[in-house]
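Peer 1: The residues making up each chain are set out below.
There are 2 protein chains.
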Amino acid sequence: MRKIYVVGIGPGEYRKMTLEAAEILKDCDVIVGYTVYVDLVKEHFPGKEFLTTPMRREEERCRMAFEEAEKGKTAAMICSGDAGVYGMAGLMMEIGKSYPDIQVEVVPGVTAAIGGAAILGAPLIHDFAVISLSDLLTPWETIERRLRGAAMADFVLCIYNPSSKKRKDHLKKACEIVLEYKSKDTVCGIVSNIGRDGESCQILTLEALKEKETDMFTTVFIGNSQTREIDGKMVTPRGYVYERR
Amino acid sequence: MRKIYVVGIGPGEYRKMTLEAAEILKDCDVIVGYTVYVDLVKEHFPGKEFLTTPMRREEERCRMAFEEAEKGKTAAMICSGDAGVYGMAGLMMEIGKSYPDIQVEVVPGVTAAIGGAAILGAPLIHDFAVISLSDLLTPWETIERRLRGAAMADFVLCIYNPSSKKRKDHLKKACEIVLEYKSKDTVCGIVSNIGRDGESCQILTLEALKEKETDMFTTVFIGNSQTREIDGKMVTPRGYVYERR
Numbered sequence: 001m002r003k004i005y006v007v008g009i010g011p012g013e014y015r016k017m018t019l020e021a022a023e024i025l026k027d028c029d030v031i032v033g034y035t036v037y038v039d040l041v042k043e044h045f046p047g048k049e050f051l052t053t054p055m056r057r058e059e060e061r062c063r064m065a066f067e068e069a070e071k072g073k074t075a076a077m078i079c080s081g082d083a084g085v086y087g088m089a090g091l092m093m094e095i096g097k098s099y100p101d102i103q104v105e106v107v108p109g110v111t112a113a114i115g116g117a118a119i120l121g122a123p124l125i126h127d128f129a130v131i132s133l134s135d136l137l138t139p140w141e142t143i144e145r146r147l148r149g150a151a152m153a154d155f156v157l158c159i160y161n162p163s164s165k166k167r168k169d170h171l172k173k174a175c176e177i178v179l180e181y182k183s184k185d186t187v188c189g190i191v192s193n194i195g196r197d198g199e200s201c202q203i204l205t206l207e208a209l210k211e212k213e214t215d216m217f218t219t220v221f222i223g224n225s226q227t228r229e230i231d232g233k234m235v236t237p238r239g240y241v242y243e244r245r
Numbered sequence: 001m002r003k004i005y006v007v008g009i010g011p012g013e014y015r016k017m018t019l020e021a022a023e024i025l026k027d028c029d030v031i032v033g034y035t036v037y038v039d040l041v042k043e044h045f046p047g048k049e050f051l052t053t054p055m056r057r058e059e060e061r062c063r064m065a066f067e068e069a070e071k072g073k074t075a076a077m078i079c080s081g082d083a084g085v086y087g088m089a090g091l092m093m094e095i096g097k098s099y100p101d102i103q104v105e106v107v108p109g110v111t112a113a114i115g116g117a118a119i120l121g122a123p124l125i126h127d128f129a130v131i132s133l134s135d136l137l138t139p140w141e142t143i144e145r146r147l148r149g150a151a152m153a154d155f156v157l158c159i160y161n162p163s164s165k166k167r168k169d170h171l172k173k174a175c176e177i178v179l180e181y182k183s184k185d186t187v188c189g190i191v192s193n194i195g196r197d198g199e200s201c202q203i204l205t206l207e208a209l210k211e212k213e214t215d216m217f218t219t220v221f222i223g224n225s226q227t228r229e230i231d232g233k234m235v236t237p238r239g240y241v242y243e244r245r
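Residue numbers (UniProt numbering), protein chains in the order written: chain A, 1 to 245; chain C, 1 to 245.
Do not rely on the hints blindly, as some may be mistaken.
Pairs count within a copy or across copies, as identical chains cannot be separated in the list.
[What the hints assert, rightly or not] Taking lysine-lysine and the DSSO-like style, the derived pairs with C-alpha atoms no more than 30 Å apart in a straight line are:
(1) 173 to 212
(2) 184 to 97
(3) 210 to 168
(4) 42 to 26
(5) 71 to 26
(6) 48 to 97
(7) 48 to 26
(8) 73 to 3
(9) 3 to 48
(10) 97 to 173
To be clear, the hints were calculated from the coordinates, so they are not data collected in a lab.
No experiment lies behind these values; they were computed from the predicted model shown.
Taking the hints into account, I'd like the entire structure generated from these sequences.
Peer 2: Printed below as a string of structure tokens:
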């Protein structure tokens with residue numbers, strides 16, 4: 001059976017891609033993706049055929065990849081981070097129903113939660129919830145319910161899409177909800193441009209996070225009740241039975 | 001400043017390691033880790049010095065790595081999956097307080113949630129919560145509270161350590177709690193031995209999952225209300241505003 005690959009390229013930096021992803025992109029005939037992601041990998045795969053569509057044209061992008069596969073080419077659809085976390089893996093499988101002789105294979109990658117956590121220290125050592133604040137495809141009520149459920153149960157929260165040009169106040173609204181359950185001194189962290197030019201991070205309290213302006217290239221972490229700052233790093237202990245050393 | 005690396009090696013298969021992780025392990029002087037993980041990577045780094053400790057000897061293992069760094073060697077502590085998700089990154093930073101002239105750098109990797117999701121299809125496309133059922137360091141009440149919070153808010157759940165030799169009924173108990181909030185027909189998936197010999201996966205209902213025997217090498221996925229089975233794959237749609245194509 002013919003295969004089509006959906007490949008997570010990691011946060012951006014070439015070295016943060018898996019060996020498998022690099023191998024598949026090297027061996028395939030055509031790489032399909034959102035323009036920004038194609039630009040991130042282009043220099044590492046010289047002479048390769050690239051096909052791009054702009055943002056929001058996801059369905060078109062997926063069909064483009066399947067059409068290439070139909071022609072007999074090995075096609076790889078790339079996503080930043082991991083293709084399975086707010087990525088194209090699901091849509092590829094839905095659209096794949098129309099191409100029954102092509103098998104979709106997902107190639108995992110380092111998503112922003114994992115890549116960002118490594119930069120901040122070790123915030124996700126214990127149970128955590130990943131929530132996107134984008135209300136393009138999800139009603140805000142559902143997002144709010146998720147924030148409440150996660151905050152109430154003392155999860156560490158990792159927030160994707162904390163704001164965009166159109167939605168400036170989503171992070172503030174989210175923090176206000178979380179503040180109903182978590183202390184204002186909760187240790188939080190933000191990371192911007194993970195594995196790309198201008199990478200930066202900051203540790204701050206939940207109260208300070210509420211007033212923070214972020215953009216689409218920022219990932220936000222809100223600690224649990226045990227999360228601490230240790231030597232400038234955000235660290236969540238492994239267990240709730242606090243071990244003393 | 002001298003550096004010590006905490007490296008996520010991914011699920012097990014060498015190709016699922018990042019280029020960065022492979023590079024660091026190739027260039028370092030000594031690789032420290034739990035015996036099982038060292039055995040997974042050993043053949044790929046011939047001639048390298050390896051130091052191991054058995055399970056549960058985590059603190060000793062960390063100190064061992066720092067002692068090597070103190071001697072002037074470049075040391076890498078390896079963890080399966082990602083070092084920042086139920087891994088050693090946090091403990092390394094806590095113990096690092098006693099070694100102020102050594103900087104801990106976390107090298108991200110593909111954790112079981114990401115690696116397992118890729119095998120099952122695309123279960124984590126939307127908001128998800130990661131919960132460990134191990135009550136070694138966490139009281140069961142906290143685990144139960146997390147399960148309730150996540151199930152109530154219709155997160156996709158990804159469960160680590162669903163059971164062990166001593167804790168045979170944890171997954172059953174967890175499913176019973178989740179069944180208070182989610183339908184018995186909720187699409188679930190289990191993956192065993194991700195990226196290792198004997199890798200296998202299965203899609204089943206929440207009701208069937210409750211009766212399933214699992215082990216420490218299994219990762220469990222419980223869908224949200226929108227998760228579907230498409231051609232034998234577990235797929236969560238990207239949004240809650242169901243788009244029709």
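Peer 1: Kindly indicate which numbered hints from before are broken by the structure, ordering the numbers from low to high.
Peer 2: 10
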